[in-house]
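*Asks:* Okay, here's what each chain looks like letter by letter:
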Amino acid sequence: MTEAVNIGEEFRKKARELLRKGEINAVIGYKKSGLPPYSKPHIALKEDDTDEFIFDVNCVHNLVLYVLNYLLEYPEDKVAVLLKGCDQKSLIVLAQESKIDRERVKVIGFGCPGVIDPRKVEGDEEDAHKSLTAENVHDKCLYCDVRNTPQADIFIGEMVDIKPTKERYFREREFYGKKSESELLDFWKGAFSSCIRCYACRQVCPLCYCDICISYRNMPQWIELSPTTDNNMLFHVRRAMCMAGRCIDCGECERVCPVGIPLRLIYNKVSLEIEDKYDGYRAGMDSERKPPLQEYSMADPEDFIL
Amino acid sequence: MVENIYQPKMMRVIEVRDETPTIKTFRLEFVDDEDRKNFTFKEGQFGEFSVPGSGEATFCIASPTFWRDYIEITVKEVRRATHAFHLLDVGDFVTFRGPYGNWFPVDDFYGKNVMVIGGGIGIAPLRGLIHRVIKERKKFGDFCIIYAARCVEELVYKEEVYGWWESDDICNTTLCVDPGGETPDWRGKVSFVPPVLEQMKPSPKNGVVVVCGPPIMIRLCMEKLVELGFSPDVLYTTLEAKMKCGLGKCGRCNIGDVYICKDGPVFTYAQIEGFPGEVW
Amino acid sequence: MSNKKAYFISDDKLNGFIESLNEKVPVYVPQRFDRADGTGIYTEYRPYGEGEVDLESRTLLSVKSIFLPQCEVILGFTTNEERVDVVSEAPSDERVLFSIRNCDFEAVRRLDLLFGWDYRDEFWFARRENTIIVVNICDSPLDDKCFCHWVGVDPVATELADCVMLRAEGGYIIWRISERGDVIIDVLDKVGADEVDVPEVEAKGFDNAIEVDGSHNALFEIFTDEIWKVLEPSCIGCGICTFVCPTCHCFEIQDEGSKRVRFWDYCTGYEFTRTEAHQPRPRQYQRYRQRVMHKYSYYPRRFGVVGCTGCGRCISACPQNVDIREDIVRLLKRAKVIK
Ligand code: SF4
Ligand code: SF4
Ligand code: SF4
Ligand code: SF4
Ligand code: SF4
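If you're matching them up, the sequences are chains A, B and C in order.
Mapping of the first sequence onto the working numbering: position 268 corresponds to residue 302, and the numbering continues sequentially without gaps.
Mapping of the second sequence onto the working numbering: position 24 corresponds to residue 892, and the numbering continues sequentially without gaps.
Mapping of the third sequence onto the working numbering: position 269 corresponds to residue 1481, and the numbering continues sequentially without gaps.
For reference, chain A alone in the conformation it holds in the complex:
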C-alpha cells in the first residue's frame, strides 16, 4: 500500500493564496481532530485559518456537503474545496441537478492514495490510523478509477498511478450473489431493527438536499416516523429510490451510521441495477451524459414497471 501523498503543505499555501487574492471567500478542507477518525472538516474564512489544514489517510469526509451548505447560506460567495476523486463525483451530480453553480466552486484536486475505513479500525489505537494497510483501507478505494481528481480547477501534488485491484462493487456482488431472498429479508430486518432513525445517513449525504425530506411529509404520510423495524425499512427503501442513479459511493452514510448498518450494500446494489439497465451509466462520471432517471427517452427499458 502507498503512503499518503504529502499535499498538506502545498494545499495550505494554495489556500492562503486564494484567500489573499480575495477571489475566493472560503476554502474547505480538513483539519486534525483529537478523535477518531482523527480528522474533521474545516472551513477557512481568513488567511490564518489555513494553517490548520492537513491531508492524510483519515480524511474520509465528503466535503461537497459543506460546499453545498455554504453556498445555500451565502449564494453570492465563491468557495475552493479540496476534493478526492470520488467526492468530486457528487459535485458533478449536484451541478447536473442545478443545485450548485459550478462557477462558484474551485475544485482543488490531487492524486489520492486512498483513505481508511474508520469502521474497520474502530476502537483501535491511533497507530492503526497512521497509514494504509490491507486491513484498514476502504473498500471503495480498491476499485477506484478516479484517483486523480477529474475536472479539478487546480491540481496539486503528483498524479498517482494505482490500478484497481478489485472489481467494482465486489462486496455487493458477493453479498447478493450468495443469499436467497428470504435470507436477505432476514438480514435486512435484523439490520434495520437497530436503526435509531437519527437520519445521520441522510444528513451527511451531499445528494440528500431536500428542504423537507419525504419522510417528514405527511399529506399524505408516506412513512411513519416512529423507529420500528418496518418503518425503518420503509425509510431506507425510499431513500434507496432517491439515490438511484445518483449515489456516487463516497461511503459517508455507512461511515456515520452509529449502529453500523451497512448502507452501501443497498445503494451500490441500486447503482449496479442502473448500470445494467441504462447502458453502463455511472453517476458523476460524465458531466455531459444526462442522468437516466432525469430524462425521458423512448428507448427506456420499462420491464420493471408493473
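What the hints contain is simulated information worked out from the structure, not anything from laboratory work.
Among the hints, erroneous ones may be present.
Have a look at the derived ranges for each label pair, beta carbon to beta carbon [stated by the list, open to error]:
id, chain 1, residue 1, chain 2, residue 2, range
1, B, Phe1143, C, Asp1330, 14 to 22 Å
2, C, Thr1436, A, Glu86, 42 to 50 Å
3, A, Asp161, C, Asp1409, 36 to 44 Å
Residues on chain A that point at chain B, a partial pick, calculated with CB under 10 Å [to be verified]:
id, residue
4, Arg251
5, Asn252
6, Gln255
For clarity, every value in this text was computed on a predicted model and none was experimentally measured.
We put the CB at the ideal spot given by N, CA and C, even for glycine.
Assemble chains B and C with the ligands onto chain A, guided by the hints.
*Replies:* Chains B and C with the ligands only, in chain A's frame:
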C-alpha cells in the same frame, strides 16, 4: 398508573362554520357530562386537539369563558392534523387535552383603556377576551379593536367582526386589509397595521394593548407602540410555537429558559425582550 | 445481612449470577451486539440474554432508553359508532438495571426534575419507581472522553443507588446500599459469591476539570455573539448526539394507526421547530446553539443543574468529530469565565 397526562378527553363536534376557504371554526362539547362540569379555563389558554389517528395539534380556545356548554376552536388547514379537522362533520369525535398555559390577566385590565390588535387567524386567541370586555363593558375604559387580514376574504369571524364595527357605542373598531386585498365594496382601511397605529396615536396613558397575529406583525406593532410611548410591560401577546406535549416535557417550545407552553403562551413585550432571540 | 459486607463475584461466575438474578427479576444490562456486516460492535442496555454482557465499555445508547424508550405507545383508540375510547397502560413490572455508571444515574435524576415539573409524567416515574439500580462506580475514567467531573457528577457516588459494584482484579465487588438491593445480595449469596470487605474507593485520573457549573448566566449573555456562526461548522444536524445523550429528553408525538406513539426527537434537526408558518431556527448553527445552550445555560437556569453529566457519548458518537468540550471551553473563554 395514577394518571396518564397524555390521556385526552373525548369531545363531539356540534357545529362547523366556514370562515375562509382554508379556515373553519368548530363548536365542540364534551361527550361525558362529568368532563363538562369540571371544565374551566381562562382567556388565552390553549389545548391539544386531535382527530383520533391523525395526530394532535395545538389550538387556542377561541370562545369566551362564560359559554358554559361548549367551546370553539378555529383551525387553519396546513398539514395532516388540521386537514383531518377540515374533513369533520357534526357528530364526529375529537380528543382534547387541556387547558394549558397562562392567560390574559383580564382582571388587571379593569378600569383601563384596552386596545386589541389582531391579524388574520391571530384574532382567534383574542376572541374570548373581546367577548369578555364587551360583556363587562362598564368595568373597562375605552375599548378599541384593530383587525387586519391579507384580504377581505381572509377576515375570520366576519359576522361578529362587522357587528363590532357597527356598534360604535361599545367599541371603536378599525378593519384593514393589506394593499391589493380590498374588494370594490370594501369600506374599511387599506393599510398595514403600524401605519394605522401611527395615525390613531393611541394614548399610552392608562392603556393596555393585546396583539396577536403573524410573528412579523406582532413585532412591528410592538415596536410602533413602544415608539408611541407605551411601556413594554403593558403590551401583551400570545406566542405560537411548535408544541407536542403542552406540558413542558417535549422540549420543542423552549426558547431560552422559557417553555412557551408553560410560561406562556401569553407574554408581555417586556418579557419577550428578555428572551435571547429566536422568537420571530 | 449486615450493611458492611460486600461480595466478590469473579468474571467467570458473572454470567451465571446475572442469569440467576434474571430468573427472579428481569435484568437490563449492557450487552454487545455485532454489527450487521461484522465490522465492529456496539453496546446497549437490553434485557439480559439478547447479546453478550459487556460491562466495561461505554454503551452507545444511555440508560435513558430504559426510562424513556426510544419509541412507546402512550395510548390507543378503540372506535365504534357510538364513541371513541382512549386506553393507556402503564409500565409496571419491577426490574433490575445492572451496571449503570454514575453519569447515567445522575442524568436520570436530573431528568426527574423535568418530568416531575408541574405535570408528573407517570410513564417516566412508574419506570423510575420499579427499577432497582446497581451502580458500577468509576474509580478512573472509562477513557479520555469522560468528563463527568466538569459538570458536578461524582463518579464514585454510592448513596442513592440500591446496590453498588466496583471493578476489582478478576471480577466485581458488589455491596448493598438500600433495602431494595437485598434481592441482588440474596442471589449473590445463593451463587456462592465470596464475602469481602466494602472497599475504600478513591477516584483517580479525573484531572484538568473545567468547572462548568455556575457559568449558565455568562453563557446566556453570549447568545447573540458572532462566535456561534463559526463554532461548529462541521455539524451536519443529525440526531446522534441527542439520541445517545442520557439527559436529552425531547420527544415527538404522532398518531400511527389507532395508536398514539411518542419517540425521541432532536433539536439539532431542521424539523424540530419548523411549522408551516414559522421556523425560528432556520440555520444549523442556531440548532447546534440550542443543543449547547439548553444543556449548559437554560437547563441550569431553569432547574438548577447542568443538563449534561459528562458521559462523553456525544463526543464518541458524533460522526463529524464534534467535541462538545472544545466548544464549551471556547464559549467560556468568549464569555470571559475562563482565560
Ligand atoms: S475512492 Fe478513490 S478518490 Fe476516493 S478515497 Fe478512495 S482512492 Fe481516493
Ligand atoms: S445513520 Fe444508521 S441509525 Fe441513523 S437513520 Fe441512518 S441507518 Fe438509521
Ligand atoms: S454534533 Fe455531531 S452528532 Fe450532533 S448533530 Fe452535529 S454532527 Fe450530528
Ligand atoms: S451532552 Fe454529551 S457528555 Fe453531556 S450527558 Fe449528553 S451525551 Fe453525555
Ligand atoms: S433541546 Fe436539544 S439538547 Fe435539550 S434536551 Fe432537547 S434534544 Fe437535548
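*Asks:* Does each hint fit the structure? Answer for all of them.
*Replies:* Hint by hint, here is what the structure shows:
For phenylalanine 1143 (chain B) and aspartate 1330 (chain C), the hinted distance range of 14 to 22 Å is satisfied, since their beta carbons lie about 20 Å from each other. For threonine 1436 (chain C) and glutamate 86 (chain A), the hinted distance range of 42 to 50 Å is not satisfied, since their beta carbons lie about 27 Å from each other. Checked against the hint of 36 to 44 Å, the pair aspartate 161 (chain A) and aspartate 1409 (chain C) passes, with Cβ atoms roughly 41 Å apart. For arginine 251 (chain A), the suggested interface contact is upheld, since its CB lies about 9 Å from the closest CB of chain B, less than 10 Å.
Taking 10 Å as the C-beta contact cut-off toward chain B, the hint placing asparagine 252 (chain A) at the interface holds, the least distance being around 4 Å. For glutamine 255 (chain A), the interface hint holds, since its Cβ comes within 10 Å of a Cβ in chain B; the closest pair sits about 6 Å apart.
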